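Numbering-wise, the UniProt record's numbering puts 71 at position 71 of the sequence shown, and it's gapless, one number per residue.
Keep in mind that the hints were calculated from the coordinates and are not lab data. Nothing here was measured: the structure is a model prediction, and the numbers come from that model. Ideal Cβ positions, reconstructed from N, Cα and C, are used throughout, including at glycine. Do not rely on the hints blindly, as some may be mistaken.
Computed cross-link-like contacts, SDA-like style, restricted to lysine to any residue with a CA-CA straight-line distance of at most 20 angstroms [unchecked claim]: (1) K81 to D100; (2) K120 to D104; (3) K127 to L111.
Just the calculated beta-carbon pair ranges, DEER-fashion [to be verified]: (4) E93 to G28: 51 to 59 angstroms; (5) I55 to L25: 50 to 58 angstroms; (6) W35 to N90: 19 to 27 angstroms; (7) G56 to L26: 21 to 29 angstroms; (8) I8 to H82: 37 to 45 angstroms; (9) S52 to V31: 31 to 39 angstroms; (10) K81 to L59: 28 to 36 angstroms.
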Amino acid sequence: MKNIFLHIEDRARKYFEQFPFTHALLAGIGVILFWRGVWEIADINRLSPIASVIIGIILLGGIGLFVHTFVGNAIIIKSIKHEIDIEKENKAEVTQVEKDIKRDEITLDHLSNKLDSLIKKIDHIEKHLQ
């Protein structure tokens, strides 16, 4: 029975590799419907929020996912904050590089004008020498 389910799941996964958007959409719908069912079962059995938390902690702790889940989320949040910091640093670097480029353009324009002036003077001197 286990092998049949794994075989079907493996075939479906291979098929949906060709259609990642459809796969993600169906997966999202499946997850939402699953959790909606869990929620409804808890409501039908009049499970209080405190009981839900206690049962959830026991269940997640019992299968070794309680700490993993929350530590994993903390790691993801920390990673996102780190990426935001890197993005801010990159923006600052880009701004500095843009300023440097602008300064270099001004310097090049100034040098170009001086060079043009020198060329005109040399041409003028050459005309008088001939």
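We went through each hint and held it up to the structure:
The suggested pairing of K81 with D100 is violated, with an alpha-carbon distance near 29 angstroms, which exceeds 20 angstroms. For the suggested pair K120 and D104, the alpha carbons sit about 24 angstroms apart, so the restraint of at most 20 angstroms is broken. Restraint check for K127 and L111: not satisfied, since their Cα atoms lie roughly 24 angstroms apart, outside the 20 angstroms limit. Look at E93 against G28: about 37 angstroms separates their beta carbons, and that is not inside 51 to 59 angstroms.
Against the hinted window of 50 to 58 angstroms, the Cβ-Cβ separation of I55 and L25 comes to about 31 angstroms, which falls outside the hint. Roughly 38 angstroms separates the CB atoms of W35 and N90, a value that falls outside the hinted 19 to 27 angstroms. For G56 paired with L26, a C-beta distance near 26 angstroms keeps the hint of 21 to 29 angstroms intact. A beta carbon spacing of about 40 angstroms between I8 and H82 agrees with the range 37 to 45 angstroms that was offered as a hint.
For the hinted restraint 31 to 39 angstroms between S52 and V31, the CB-CB distance of approximately 18 angstroms leaves it violated. At roughly 30 angstroms, the beta-carbon separation of K81 and L59 lies within the given 28 to 36 angstroms, and the hint holds.
Violation of the numbered hints given earlier is confined to hints 1, 2, 3, 4, 5, 6 and 9; the remaining hints are satisfied by the structure.
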